[in-house]
Structure formats: C-alpha cells, structure tokens
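Engineer: Please model the complete structure; the sequences and the hints are all you need to start from.
Chains as they are written, first to last, in this note's numbering: chain U, 251 to 544; chain R, 54 to 296.
Incorrect hints may appear among the rest.
What the hints assert, rightly or not - Calculated lysine-lysine pairs in the PhoX-like style (CA-CA distance at most 20 Å, straight line): (1) U:Lys326 - U:Lys309; (2) U:Lys309 - U:Lys398; (3) R:Lys262 - U:Lys513; (4) R:Lys262 - U:Lys516; (5) U:Lys442 - U:Lys528; (6) U:Lys528 - U:Lys421.
If you are wondering where the hints come from, they were derived from the structure by calculation, not from laboratory data.
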Amino acid sequence: MSLRLIGRHMLPVLGAGLFLWPVAPALAAGPQHFEKHFPTKGRPVVVIQNIGNGRIEVKSWSNPEVVLTGTQSSSKISIDSEQAGDRIDVSSTLLDTSAQPTEMEANFQLTVPEETELQLKTQTGLILVEQVMGDMTLESVAGDVHLKEVSGYIIVTTKSGSLVCTQCAGKLNFNSISGNAQLLQPQLSNVKLFTTSGNILFDGDFVRTGLYTMQSGRGLVEVRFSTNDSFDLNAQTSTGTVDNRAGDFIKPDSHGLKHFAGKYTKSFFGTIGQGLAKVELSSYSGTIRILRRD
Amino acid sequence: MNDSVESGMGSRMICSDVADVLEQEGLAPLPEAARQHVAECADCQGLLADFGSIVSAAHDLPAEVEPPAHVWISLRAQLEAEGLIREAAPVAVDARTAPASLPWWHGLSGLLQGRALATAAVGLLIMAAGIAQLRRPVNSQTAPPTQAAEQAQTPDPLAASGAALTEQEHVLRSVQPAGTLASSPVDDSLQQNLQTLDAFIADCEHHLKTNPRDQLAREYLADAYQQKAELLSEMLDRGRSVN
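Structural biologist: Structure below.
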C-alpha cells in the first residue's frame with residue numbers, strides 16, 4: 251500500500267478523531283453503568299434510597315445473591331452501597347449541589363432471591379416489582395408503582411404516583427394524594443386504599459374473612475365483584491353518589507348488625523353471598539360504583 | 054360517658070361540658086364544677102389521662118433549638134433588602150406572649166416551628182381532635198338547640214390543625230427563595246399536590262360549616278390535614294437539602 255493510499259484512507263479517520271477529541275470528556279461524563287453482587291444466606295432486606303429521579307426495577311431468581319445494576323446520569327451524584335449480613339443498603343448521594351434534575355437521575359435494576367424484603371424510595375420514575383415474596387415499603391413522589399405477582403405486607407405511599415397491583419397477595423396499604431390505585435386479580439386478605447383525588451379500581455375476588463377499605467375523597471371508587479364472592483358491603487359518601495349497578499345480587503345485610511345511615515351521608519348496605527368478607531367503600535364527593543364482573 | 058348527672062351548664066357539669074371546658078381552657082386547673090364531675094366520672098378521668106399522655110409525649114419529642122425572634126426578623130429584613138424573598142411573612146407568635154384568650158392548643162403550634170416535628174405535631178393535634186370527637190356523648194346529635202348552638206360556637210380542635218398548617222405553609226412560602234422558583238418535576242408535583250389538598254380542604258371546611266356533624270366529611274378533612282402536614286414537611290426538607 252502506497253503512502254498516498256494510506257493517506258487517502260487514514261486522514262479522514264484521523265481528522266474525525268481530532269474533530270471529536272474535545273467532545274470525548276463530555277461523552278465520558280454521560281450515563282455511567284454500575285454493577286455489584288451481594289451474596290446472601292437467608293432472606294435479604296434490600297433498601298434503596300434514591301434522592302434523585304429514576305426507575306427501580308426488582309425481579310427475582312432462585313440464586314442466593316442480590317445483583318444490583320444500573321446507570322447514573324452524571325458524576326454529580328454517587329451510588330453508595332453497603333452490606334451487613336443479609337441487609338443491603340443502596341443510596342444515591344448528591345455530590346454537586348448545582349446539579350440539574352437530569353444530572354441527578356439514577357436507574358436501578360435489582361435481581362433478588364424470591365423471598366426478599368424491600369424498602370424502596372425514589373422521586374419520579376417507575377418502581378416495578380415482580381415475583382417477590384416479602385414485606386415491602388415503596389415510596390415515590392410522582393413515580394408510578396407497578397407490582398406483579400408479589401406477596402407480603404405491602405405499603406405504598408405516593409404523592410401523585412399511581413399503583414397498579416396485578417395478582418398481588420397478602421396485605422396492602424396504599425396512601426396517595428392524587429394517585430390512582432388499580433387492583434387486578436388480587437388475592438389480598440387485607441386492603442386499605444386511600445387517595446384524596448385519585449380513582450380506585452378493585453377488579454377481582456374478595457378473600458373470605460378479608461377486610462377491605464377503599465376511600466377516595468374526590469375520585470371514583472369502583473368495585474367489580476363476581477357472583478361467587480361473599481362479602482358485606484358498606485358504601486358511604488358525603489356529597490357524592492352511590493352508583494349501585496348490581497342491585498339484583500345484593501341482599502339486605504342479614505348479620506344482625508343494624509346499620510344506620512348517617513343523617514348527612516348517602517349510604518348503602520348489603521350482602522353478597524354469605525357476607526364472609528367485609529368491604530367498606532367511601533368517598534367525600536366522588537362516585538362509588540358497584541358492579542358485577544361476570 | 055356518664056351523662057346521667059342532671060342539669061346542663063349549671064353548677065353541676067356533664068361530660069360534654071367538661072369536654073367543652075377542655076377545648077376552651079386546656080389542661081390548666083379546671084373550674085371547680087369540672088373537677089367535681091371528673092372526680093366522679095371514670096370516663097372523663099380517662100379523657101384527661103389521654104390528653105395528659107399526648108401533651109407529655111409532645112414535650113418528650115426531641116426539640117430543635119429555636120433561634121430568638123430577633124434573628125428571624127433581622128434575617129428576613131436582610132433577605133427582603135437583597136430581594137431574595139418576595140413578601141414579608143408573619144413571624145411565628147411566641148406562645149409565652151400570646152393572649153390568654155387563645156385556645157390552649159395554640160401553644161402546640163410552637164412545635165410546628167421545628168420542621169422535623171411538623172408532621173408529628175399535626176398528627177398529635179388530629180389525634181387529640183379525634184379523641185375529643187369520639188369522647189363526645191352519643192346523644193349529642195340530638196342535643197337541644199341551645200346546647201347545639203353553644204357547641205357550634207366553641208372552637209373546633211380540627212380547625213386548630215388547619216390553622217397550624219396554614220401557619221406552617223406561610224413559613225414555607227416565606228423561606229422560598231425567589232431565585233429558585235424554577236424547579237424540578239418533583240417540586241412541580243409537590244406544588245400541584247399542595248394545591249389539590251388546599252382545594253379539597255377548602256371544600257370540606259365549607260361543607261362542614263353548614264353540616265358540622267357530618268362525621269365522614271370530618272374524617273376526610275382530618276386525613277387531608279395529615280397528608281398536608283406530611284407534604285409540607287417533605288417540601289421543607291427538600292428546600293433545606295437543595296439550598
């Protein structure tokens with residue numbers, strides 16, 4: 251290969267390299283990946299405190315190990331972690347107070363043993379947990395929380411983030427200002443849902459002897475039940491409406507407790523099946539809708 | 054509750070009278086008539102013990118050191134002079150110099166000056182309001198018109214929670230530096246939720262003015278107060294960490 255030929259092919263490459271040289275440090279300061287492995291013995295407890303924005307995804311496997319991977323958007327935050335036995339703490343820390351919101355983003359992917367306790371906190375960005383058995387406390391300001399096939403005592407707190415809980419089991423406590431809550435095909439025996447302006451949807455079976463309280467200040471509270479269900483129903487609203495679309499299937503409450511509708515509220519009491527579970531629905535000014543699923 | 058003792062607001066008191074006295078004058082030495090009633094009424098003794106426990110628990114909370122008032126005044130003057138804050142905010146009233154006619158729980162609002170204690174203090178206020186509400190005799194819904202009118206005139210413990218929160222919100226707005234109002238999506242979300250709660254609270258309060266005995270509305274209002282206390286606490290914490 252002649253020198254002229256080499257020059258013809260190499261010079262454009264070298265030129266491009268020189269042109270991009272000043273950009274290289276900026277690219278290096280972009281998203282940074284991290285990965286850490288934590289061997290566990292028993293049931294681990296994993297705590298993530300994300301001061302910035304970003305997703306937290308948790309999935310399970312059968313290995314006795316917690317694997318943490320993720321990205322951070324800049325070096326203006328640091329991701330710190332520590333392990334003490336089966337307790338694993340992960341937190342993001344702000345290093346530069348001049349950081350813009352986009353520079354404070356950290357996304358986490360966790361793979362944990364099936365039986366793991368979780369305490370996760372983020373600001374915005376989705377919290378996604380799938381197929382984990384264990385108590386979990388999940389907190390977000392504006393991010394949504396999606397749970398699928400999880401079980402345990404589940405506490406979800408958001409300001410405007412919404413909850414979608416699919417095939418969840420155990421106990422669930424949800425509190426939000428404007429977030430919605432959707433419970434799809436649940437196997438939950440104890441449910442407390444409260445949102446000031448969000449909507450609530452319960453679509454699934456009521457576990458016998460279960461206790462269910464669903465309250466929305468201004469939103470819609472909708473319950474879709476099956477004719478095989480068995481529960482006592484108490485629906486109350488101050489200034490809203492009770493939209494009973496399943497009147498034929500709801501009998502008067504026959505359990506001896508006399509219900510008195512408050513002078514200032516619109517109330518509806520009834521029993522489906524034997525009335526084994528207890529369902530309490532309320533709103534301040536929203537609509538309560540009761541309908542049959544099948 | 055022991056409501057079998059005859060006479061209403063006369064020389065001998067009944068449980069609701071004692072509750073009213075507690076709401077108006079607090080745990081300070083009770084009037085003779087109230088003391089006589091409490092001595093004979095186990096329920097009221099329990100109520101007093103509950104309030105005592107709440108106040109004791111509030112005092113046992115770790116207190117934040119509050120700078121003298123002149124520090125706030127000079128700081129605010131300096132910030133106003135530099136144009137860093139927009140408008141003057143009311144300086145928190147010192148409980149020791151507050152007029153004696155103020156309700157007893159107003160002293161508790163001093164606790165709210167400590168940011169970290171805001172949520173806990175409002176929670177205690179709401180709990181106290183709830184206990185007071187539950188301890189009221191069941192037949193109070195059928196109270197004679199004169200007694201109902203008297204009760205309507207007495208200060209509502211729940212309203213104290215609202216007043217304390219409003220005070221806390223003023224503090225929040227006064228410390229919001231003018232130059233950092235352009236904020237993140239999280240701050241925007243918190244502000245939107247504050248507006249949502251304020252609108253809901255205003256709606257409930259308006260409704261309760263005409264339907265003061267709507268227990269369900271009261272519960273929603275108490276929950277909204279609790280959420281607002283938590284929200285303000287979080288906003289203050291964020292402001293502190295960012296600034």
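Engineer: Now tell me if each hint is right for this structure.
Structural biologist: So, going through the hints one by one against the coordinates:
1. Between U:Lys326 and U:Lys309 the alpha-carbon distance is near 28 Å, which puts this suggested pair outside the 20 Å criterion.
2. At roughly 10 Å between alpha-carbon atoms, U:Lys309 and U:Lys398 fall within 20 Å of each other, so this suggested pair holds.
3. As the CA atoms of R:Lys262 and U:Lys513 are separated by approximately 15 Å, the hinted pair is consistent with the 20 Å bound.
4. A hinted pair counts as satisfied when its Cα atoms are at most 20 Å apart, and R:Lys262 with U:Lys516 qualifies at roughly 19 Å.
5. The suggested pairing of U:Lys442 with U:Lys528 holds, with an alpha-carbon distance near 12 Å, which does not exceed 20 Å.
6. Distance restraint check for U:Lys528 and U:Lys421: the Cα-Cα separation of roughly 14 Å lies within the 20 Å cut-off, and the hinted pair is therefore satisfied.
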